[in-house]
Amino acid sequence: MIEVEHLIKVYRVGETKVRALDDVSLKIQDGEMVAIVGPSGSGKSTLMAILGCLDSPTRGTYLMDGEQIEKLNDNQLAHIRSHKIGFVFQQFNLLPRTTAMENVVLPLLYDGVKGKARQERAQTALQIVGLAERMKHKSNQLSGGEQQRVAIARALVNNPSILLADEPTGNLDTHTGAEIVGLFQRLNREKGLTILYVTHDPFIARHTNRIIHLEDGKIVGDIRVEKPLEAGTPRTDDILSTVGNQIEEGARA
Amino acid sequence: MNLFENIRIALRALAANKLRSGLTMLGIIIGVGAVVALMAIGQGATSGITSRVQDLGTNLISVSSGRSFQNGGAQSQVLYYADYLAIQKAVGNAAISAPYFQTQANVINGSVSATYEITGVDPQFLVVRAYTIAKGRSISESDNSSEARVVVLGSQSAIDLFGGLNPVGKQIQVDGISFSVIGVLESKGSTGFGSADDLVLIPIKTGYNRLFGGRAVSGGKQLLSGIALSAIQSSQIDFLVTKVEYTLRKQHNLTLTDNLGFIVLSQNQMLSTLSTISTTLTALLGAIAAISLLVGGIGIMNIMLVSVRERTREIGLRKAVGARRNIILMQFMVETLTLSVFGGLIGILLGWLIALIVSASGLITAQVTFSNILLAFGSAAIIGLFFGIYPAYQAAGLRPIEALRYE
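Protein chains in written order, with the numbering used here: chain A, 4 to 256; chain B, 26 to 432.
Bound-form chain A, shown alone (with noise of 0.2 Å):
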């Protein structure tokens, strides 16, 4: 379960002071789905790279299953980010001239997992994302959608409790998108895990169980989706519209 209270984050952009996060306050339960919406400059990644441990608060609390993150040193934080978070970034950020499978290797080169294991969890992670056939593949010989999939098969390899994804069909076509987003699901249904993710595309977002609207560093809107859209769904005006609406209800509430 992660609890945040009051997070504040600024950043000093030469002379100015920008108020990324303004007291954000949220919690997210184990095994939710939940979508962060909201127009660029809105906060949505600052609050993705500190719930991800990527990036620490100007102030305010920071609870991940009863451990206080905030107060965590450097090497404490890599130690939850190699355990307990798995992160997927909008730009896949896979290590170049190397294979998908030495990719999804690497968190479990850190973590000290040897041999054989080492070989058999990414594999697994691989077959999960589907892409076992490709593992020898570099990352320049992926399409797209395939190097997003060896980044989530490298989120997933530490079995980590929450997993957190920045934009991650920001890059892709609509139709890889919609993969993406169906590998999401099952992952959430299948296997539990809790998996969050900022999204500017209210279709995107209408997967979820949970939208959570940020403007101008402020949460304005957190609402429960009632029927989320199954993967695959065709993407009509109709649907968009009516996520709009709810959005704005919620923004109103």
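None of these hints come from the bench; they were simulated from the model. Don't take each hint at face value.
[Said to hold, decoys possible] Below, simulated SDA-like cross-link-like pairs (lysine to any residue); rule was C-alpha separation at most 25 Å, straight line: (1) A:141 with B:326; (2) B:43 with A:74; (3) A:117 with B:38; (4) A:221 with B:430; (5) A:74 with B:419; (6) B:43 with B:326; (7) B:43 with A:99.
For this one, chain A is given, so just place chain B on it according to the hints.
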């Protein structure tokens, strides 16, 4: 994660970008190679000169007429055969002494004609100057006393005058006088002051009475070009130098305050003069080498800085998936060490190869020494480590998100 695992990560990272790894190594290779080669050449020149001076003979003291820079350019005095007799008497059994007189003469063998420096020597000369006979025999005491018209040729003179044929027993014309060749000397190689092998040696008494004529006489006294002495014990050299100088002053009626118009030089003095010159030479070469090492170092530094900056995102990613800061640092340390060590080793081989080529060209026998290798290797490795580790240290200290967003 253990060290072995880390080394594998580092090697994989190096192999993933072969061109960059190669270029980084090139800077180290050139720097190390230049230092090893140039220092080897400098050292080789020094010891080459030293050993050639030692080849001249052992415990040598040379006496010659002429001005010496050591006595402030005093008026030069003329050396007489009588001085030799006085010196021989003065040094007694402590040294072997040999007088010689040199003058130019025309030497003809059949159709071959050339001007040579003809040296009139006493039988001891070959002993003092450490020449050995390759063919035939040496000049004997009886050759000298009987004023025999015999000649011993240096190895180069023999080749020049006779081609490949054995000259022993043949006749040559020296200034129109017929001499028979009785021996040929073993080659000594170049001394750095002209060849020691283009000699034409005749008994000194034959020279005075049959060949040199007026050139070897002044005021009714026989002249000498110089006297070569070889001390029996090296500990006595300085004492003998003093004794020779004293005898010369007495012979020429010079007081102790007068400048001595002779050069009395021991082999040690020659060596120390020469080693001053060659130390300067080595320092000069060392300075050139240091410049190339510096240029190589700047190359390493440049590429390491760029490559680590370029990999800041990679560092961010590695941290994001759980790598601790020390692990990142160790990876870069292993990477730079691998580059430095391999580059350094190749550089040493390159420098060695250059040294071998220089030696094979016959100019200088270059000497590759352990301390020079260590110096070159050490400085390159330190430069590489510093400029690799420092930016990596900075990047590893960033929060992962900053490193990931680094442009």
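Name the hints, by number, that the structure is in violation of.
1 and 2
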